[in-house]
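Trainee: Next come the chains, spelled out residue by residue.
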Amino acid sequence: MRRSIAFFLFVLAAVTLSAVNVGQVVTISVREAELRSSPGFLATVQTRLAYGDSVRVVEKRPGWVRVQAVDAETNGWLHESAVAPPADLRLSSAGRAGDTGASTREIALAGRGFNQQIEAEYQEQQQIDFTMVDTMEGFLQPTDELAAFLAAIGGSISDGGDQ
Amino acid sequence: MNRSTRIARIAMITIATAALVVSCAGLSGALGSALAVGEGLGVSGSGARLALAGVRTLSEVVDAANSPFTPEQEYYIGRSVAATILKQYPAYTAARPNRYINSLGQVLALASDRPQLYHGYTFLILDTDEINAFATPGGHIFISRGMLRLTTSEDEVAAVLAHEIAHVVHRHGLGSIRSARVIGALQQGTLDMLDEVSGAQLREVTEIFGETTSEILDTLITRGYSGASEREADASAVEILKRVGYDPHAIVRVLERMDAAQQAEYEGSREPVGFSKTHPRPQSRVNGLKASALRNVEPESRIRTDVADRRFREALSGI
Numbered sequence: 001m002r003r004s005i006a007f008f009l010f011v012l013a014a015v016t017l018s019a020v021n022v023g024q025v026v027t028i029s030v031r032e033a034e035l036r037s038s039p040g041f042l043a044t045v046q047t048r049l050a051y052g053d054s055v056r057v058v059e060k061r062p063g064w065v066r067v068q069a070v071d072a073e074t075n076g077w078l079h080e081s082a083v084a085p086p087a088d089l090r091l092s093s094a095g096r097a098g099d100t101g102a103s104t105r106e107i108a109l110a111g112r113g114f115n116q117q118i119e120a121e122y123q124e125q126q127q128i129d130f131t132m133v134d135t136m137e138g139f140l141q142p143t144d145e146l147a148a149f150l151a152a153i154g155g156s157i158s159d160g161g162d163q
Numbered sequence: 001m002n003r004s005t006r007i008a009r010i011a012m013i014t015i016a017t018a019a020l021v022v023s024c025a026g027l028s029g030a031l032g033s034a035l036a037v038g039e040g041l042g043v044s045g046s047g048a049r050l051a052l053a054g055v056r057t058l059s060e061v062v063d064a065a066n067s068p069f070t071p072e073q074e075y076y077i078g079r080s081v082a083a084t085i086l087k088q089y090p091a092y093t094a095a096r097p098n099r100y101i102n103s104l105g106q107v108l109a110l111a112s113d114r115p116q117l118y119h120g121y122t123f124l125i126l127d128t129d130e131i132n133a134f135a136t137p138g139g140h141i142f143i144s145r146g147m148l149r150l151t152t153s154e155d156e157v158a159a160v161l162a163h164e165i166a167h168v169v170h171r172h173g174l175g176s177i178r179s180a181r182v183i184g185a186l187q188q189g190t191l192d193m194l195d196e197v198s199g200a201q202l203r204e205v206t207e208i209f210g211e212t213t214s215e216i217l218d219t220l221i222t223r224g225y226s227g228a229s230e231r232e233a234d235a236s237a238v239e240i241l242k243r244v245g246y247d248p249h250a251i252v253r254v255l256e257r258m259d260a261a262q263q264a265e266y267e268g269s270r271e272p273v274g275f276s277k278t279h280p281r282p283q284s285r286v287n288g289l290k291a292s293a294l295r296n297v298e299p300e301s302r303i304r305t306d307v308a309d310r311r312f313r314e315a316l317s318g319i
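Protein chains in written order, with the numbering used here: chain A, 1 to 163; chain B, 1 to 319.
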């Protein structure tokens, strides 16, 4: 069982090739990012950042980055898939790629084409009901429950990133 | 007929004609690497506009690392695709089996190459005998009762869910978009407005949104993904199963049962069933898997299968 945990940690860490580099300013690409105390899905959540927030990459491990909010002291570990180069949030269309100021977030969060406003308009036109979609989205389970689910069969989600 | 009515009609017709689809059940042979997260060249922003010149389908520029849509846009497209699927298929709302497939699916997603999405991966059982599963670009994953009934163990359910997760990871739904209008809008930056829109711009963006949604529905329900996408999803599913410790050969067992179910449907029917035109026989995909992703891979499980299969039975016995 110990072996399988170690193996799982290893493969989880090894799977994601990196697209971001230390020193680079990147953007949070998930609605709510949990910054953790160490690289692993079970590590303590220290703080949360919102979609579009700018952060600087200060350290890298396989699959994980430690980031520092550019306008605050906040720092912590995120899985790489939770961040994107600013261009990925189409900031460059406004000529702001690489901008590290607070304005970056405002631009990234604003509008963006398909959003709640467009959904509302589409819903009205098509008579689509989103109730069940909302219910389904509520099925997200906390990471510690997922870890328990996996532990029951002898597996483990990264428990803090000790490799 | 105005455009939105037409889009709605296309969506409804495509859904209605998919009586017994084994659409994404395309667990096929595997080519290439599951680790398809390449160097992110950031196909987006002004770069996306350049990259989109002359593009005929978005598959030319979309993969696990690149998308011309923002994560938020992918999420809203996914919601709309999910809501439309639920217009046709009622949800099976029993709490226990849904909790089970969410635990299982979300564990598998953490082991994927893209564990973090704008919202995250959530799973819902569809109340239909049809053998089917769908994934939206926003991480909404559906599995039918008919599909669940074909499975006999936790690793087999995991194989189906991992295959669907892989379609999200690789952005196969978005890649299937061929609409010149949608591609043109991305290229021209039509979706780059910064504030709330109104009037003609609101109508235009909503139409493009509807067209994006119906293109993806068309792929999920009628057209099917490309063979290459199915093979890529299979390869990734095998990888995910191995990472967590499930037997990667579970995918073969499900496919063989799907193949048998499909043959049973054919019997007595002179008319070819619709999906046979767009979906190769599951058995041919088994052969593909054995020649690539599962080549030289022994059936092996590193998990406690007794515990896994007990909870599988407890959660899904009534399905």
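Quick caveat, the hints were computed from the structure, so don't treat them as lab data. Every residue gets a Cβ at the ideal spot worked out from N, C-alpha and C, and that includes glycine. It is possible that some hints are incorrect.
Label-pair distances were calculated between CB atoms; the ranges are [to be verified]:
(1) D127(B) <-> R31(A): 36 to 44 Å
(2) D127(B) <-> V22(A): 43 to 51 Å
(3) A264(B) <-> S37(A): 50 to 58 Å
Each computed SDA-like pair below joins lysine to any residue, with the alpha-carbon atoms no more than 25 Å apart [what the hints assert, rightly or not]:
(4) K87(B) <-> G138(A)
(5) K242(B) <-> A151(A)
(6) K242(B) <-> G154(A)
(7) K242(B) <-> E298(B)
(8) K242(B) <-> Q141(A)
(9) K60(A) <-> D144(A)
(10) K60(A) <-> G120(B)
(11) K87(B) <-> E145(A)
(12) K87(B) <-> E119(A)
(13) K242(B) <-> A148(A)
(14) K242(B) <-> F149(A)
(15) K242(B) <-> Q127(A)
(16) K60(A) <-> H119(B)
(17) K87(B) <-> F139(A)
(18) K242(B) <-> G138(A)
(19) K242(B) <-> L42(A)
(20) K87(B) <-> D129(A)
(21) K87(B) <-> D127(B)
(22) K87(B) <-> A120(A)
(23) K87(B) <-> A200(B)
(24) K290(B) <-> S301(B)
(25) K87(B) <-> D144(A)
(26) K87(B) <-> E137(A)
(27) K87(B) <-> R99(B)
(28) K87(B) <-> F149(A)
(29) K60(A) <-> A72(A)
(30) K87(B) <-> I319(B)
(31) K290(B) <-> R253(B)
With the C-beta cut set under 8 Å, the calculated list includes, among others, these residues of chain A facing chain B [what the hints assert, rightly or not]:
(32) S29
(33) F41
(34) T44
(35) V45
(36) A50
(37) Y51
(38) S81
(39) G113
(40) F114
Trainee: Hints first: check each against the structure and report whether it holds.
Mentor: Consistency of the hints with the structure:
1. D127(B) <-> R31(A): 36 to 44 Å: violated (29 Å)
2. D127(B) <-> V22(A): 43 to 51 Å: Distance hint for D127(B), V22(A) holds at roughly 50 Å.
3. A264(B) <-> S37(A): 50 to 58 Å: holds (54 Å)
4. K87(B) <-> G138(A): Answer holds: K87(B) to G138(A) is near 19 Å, not above 25 Å.
5. K242(B) <-> A151(A): Status holds; Cα separation ~16 Å.
6. K242(B) <-> G154(A): holds (14 Å)
7. K242(B) <-> E298(B): holds (11 Å)
8. K242(B) <-> Q141(A): holds (22 Å)
9. K60(A) <-> D144(A): holds (24 Å)
10. K60(A) <-> G120(B): Holds - the C-alpha atoms of G120(B) and K60(A) are around 23 Å apart, at most 25 Å.
11. K87(B) <-> E145(A): violated (31 Å)
12. K87(B) <-> E119(A): Answer holds: K87(B) to E119(A) is near 16 Å, not above 25 Å.
13. K242(B) <-> A148(A): Answer holds: K242(B) to A148(A) is near 19 Å, not above 25 Å.
14. K242(B) <-> F149(A): Status holds; Cα separation ~17 Å.
15. K242(B) <-> Q127(A): The hint is violated at about 43 Å.
16. K60(A) <-> H119(B): holds (24 Å)
17. K87(B) <-> F139(A): holds (20 Å)
18. K242(B) <-> G138(A): Between K242(B) and G138(A) the Cα gap is close to 28 Å, so the pair fails against 25 Å, i.e. violated.
19. K242(B) <-> L42(A): Within the cut-off at roughly 21 Å; holds.
20. K87(B) <-> D129(A): Holds, at about 8 Å.
21. K87(B) <-> D127(B): holds (12 Å)
22. K87(B) <-> A120(A): Distance ~17 Å between K87(B) and A120(A) Cα, so the pair holds.
23. K87(B) <-> A200(B): Distance ~28 Å between K87(B) and A200(B) Cα, so the pair is violated.
24. K290(B) <-> S301(B): Holds, at about 17 Å.
25. K87(B) <-> D144(A): violated (34 Å)
26. K87(B) <-> E137(A): holds (17 Å)
27. K87(B) <-> R99(B): Answer holds: K87(B) to R99(B) is near 22 Å, not above 25 Å.
28. K87(B) <-> F149(A): violated (32 Å)
29. K60(A) <-> A72(A): holds (20 Å)
30. K87(B) <-> I319(B): holds (21 Å)
31. K290(B) <-> R253(B): Answer holds: K290(B) to R253(B) is near 12 Å, not above 25 Å.
32. S29: Nearest chain B Cβ about 5 Å off; hint holds.
33. F41: holds (6 Å)
34. T44: violated (17 Å)
35. V45: Since chain B brings no Cβ nearer than about 14 Å to V45(A), farther than 8 Å, the hint is violated.
36. A50: violated (11 Å)
37. Y51: holds (6 Å)
38. S81: holds (4 Å)
39. G113: OK, holds: G113(A) within 8 Å of chain B, min 3 Å.
40. F114: Nearest chain B Cβ about 4 Å off; hint holds.
The structure is inconsistent with the numbered hints 1, 11, 15, 18, 23, 25, 28, 34, 35 and 36, although it conforms to all the rest.
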